[in-house]
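Visitor: If you count by the working numbering, then the sequence shown holds residues 1 to 362, one letter each, in order.
It is worth saying that the hints were derived from the structure and are not from the lab. Don't take every hint at face value.
Here are the computed distance ranges between Cβ atoms for each label pair [stated by the list, open to error]: (1) Gly12 to Asp82: 34 to 44 Å; (2) Thr314 to Phe162: 50 to 60 Å; (3) Tyr168 to Glu291: 53 to 63 Å.
Ideal Cβ placement from N, Cα and C applies to all residues, glycine included.
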Amino acid sequence: MPVDEIRGITQGTAPVPLSVLDLVTVGAGHTASEALRTSVALSRLAESRGFHRYWVAEHHSMPGVASSSPAVILAHLAAHTDRIRLGSGGVMLPNHAPLAIAEQFGTLEAMAPGRIDLGLGRAPGTDGATAAALRRTERLSEGADDFPEQLAELTRFLDDDFPDGHPYSRIHAIPGPVQGSSPGGVQSPHRPPIWLLGSSGFSARLSGMLGLPFAFAHHFSAHNTIPALDLYRESFRPSEVLDAPYALIGVSALATDDEKEARRQVRAAALNMVRLRTGRPGLFPTPEETEAYAFGPLEEEFVQSWAANIVHGTADEVRSGLDDLQKRTGADELMLTSHAHRGELRLRSYELIADAYGLPAA
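Go ahead and model the full structure; you've got the sequences and the hints to work with.
Guide: This is the structure in structure tokens:
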């Protein structure tokens, strides 16, 4: 697999390649259709301004997040873009049969050859009851515990290389390599590179041992970022995929023309997380709703902690914060996710960040 399908190219004055993580945010008073139209506009903006990749993340049973089906969204984005890499950040593998994921991403690869990333996580991407409904089992720990075996099975389906005598040796993920070995077949030179995602040490160590690229969820587990990246680098073994570690981190970043508006949106994002963490998920609240909300002492403490991990403010402030974060972590790529009630604010945030770093003009 060509390494350039993993390593990005730094643009402008950015310290490392910049990418986008999209949760397809649905704000109060808006519809999922509007959120998905924003995603199309954002993917096109990201491509035109030199962002390296655009990922969507699997979530379930969250009214404010319309990204329950990454493969469906990615197919739609592939039809509206030409060059930018598209991928999952990520697919929660324990929720799915490995063969089904191999087929979905083989199909995406056929639609957009050489542009698809397959990022995998082992968390459910939802609460326990929803995960049980997805997996049709009450033994939720089993899926996470079996993640290395599921990963190995998925990899063999993608490469079509189960050994003779294996129960799946005559089963093929289509589209996939078997088509190239069929009479008259021509095999694509690409297959989606696998990334492991994590918010703790488990996936950091596993991706290092397997020589895979690693994506860390700094945006909601900032206290674990440096330990996880250190563990990944210490565990890394060169592979056919990578000869040296390559780690990106997901970063919450919001740039606005008015610094006050950035603070208002970040506080609304924090209220959104308060509700999610207390079992009351809803649509992304408006700043006005947030200003009227009476935060309790523990909630206010959470808000302050959450906001401290969001790089926000004017474009210059965000650029400075991102530069500092990259220096502290040594991340090879920054994947930015912008949370705001309105889609146009999210689009504007990426425009401002691109301008601040002198990324290519649209």
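Visitor: Against this structure, judge whether each hint is valid.
Guide: Tested hints:
1. Gly12 to Asp82: 34 to 44 Å: Since the Cβ atoms of Gly12 and Asp82 sit about 20 Å apart, the hinted range of 34 to 44 Å is violated.
2. Thr314 to Phe162: 50 to 60 Å: holds, 54 Å
3. Tyr168 to Glu291: 53 to 63 Å: holds, 56 Å
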